[in-house]
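Enquirer: Sequence:
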Amino acid sequence: MAEPSQRMKAMRERRRAKGLREVRLVVPAARDPAVCARVAEEVRNLNPQHEAEAMRWIEAVSIFDETR
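In the working numbering, the protein residues as written are 1426 to 1493.
These are calculated hints, taken from the structure and not from any lab test. Every value quoted in this text rests on a predicted model; they were computed, and no experiment measured them. The beta carbon of each residue, even a glycine, is placed where N, CA and C say it ideally should be. Heads up, some of the hints might be wrong.
If you anchor each label on the Cβ, the simulated ranges turn out as follows [as the list claims (entries may be wrong)]:
no.: 1; residue 1: Pro1429; residue 2: Ala1485; range: 46 to 56 angstroms
no.: 2; residue 1: Asn1472; residue 2: Val1452; range: 22 to 32 angstroms
no.: 3; residue 1: Glu1428; residue 2: His1475; range: 45 to 55 angstroms
no.: 4; residue 1: Glu1447; residue 2: Gln1474; range: 37 to 47 angstroms
Required output: the full structure, derived from the provided sequences and hints.
Expert: This is the structure in C-alpha cells:
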C-alpha cells in the first residue's frame, strides 16, 4: 500500500481532474470558554430590529423556499 502522503497526493490529483480544489478553513474553537464568552457577548449586542430586517431580506431573496 502507498504511503499516506502518496495517497493524499493521488486523491488531490483525482479531485483536480474533476475540477475540484481543496479549501482549508480555520475557525474559532467553539468549545473554548473564551470563544463562547466572546460569542455570547456578540449575541447580547445584536440589535433585534436589525436582525429582523436581515432575516426578512434573506427570506425575500431565498430560492430554497420556492422549491417546497
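Enquirer: Now, for every hint given, state plainly whether the structure supports it.
Expert: Here's how the hints hold up against the structure:
no. : hint                                     : result
1   : Pro1429 with Ala1485: 46 to 56 angstroms : holds (48 angstroms)
2   : Asn1472 with Val1452: 22 to 32 angstroms : holds (25 angstroms)
3   : Glu1428 with His1475: 45 to 55 angstroms : holds (53 angstroms)
4   : Glu1447 with Gln1474: 37 to 47 angstroms : holds (41 angstroms)
Consistency with the previously given hints is maintained throughout, with no hint failing.
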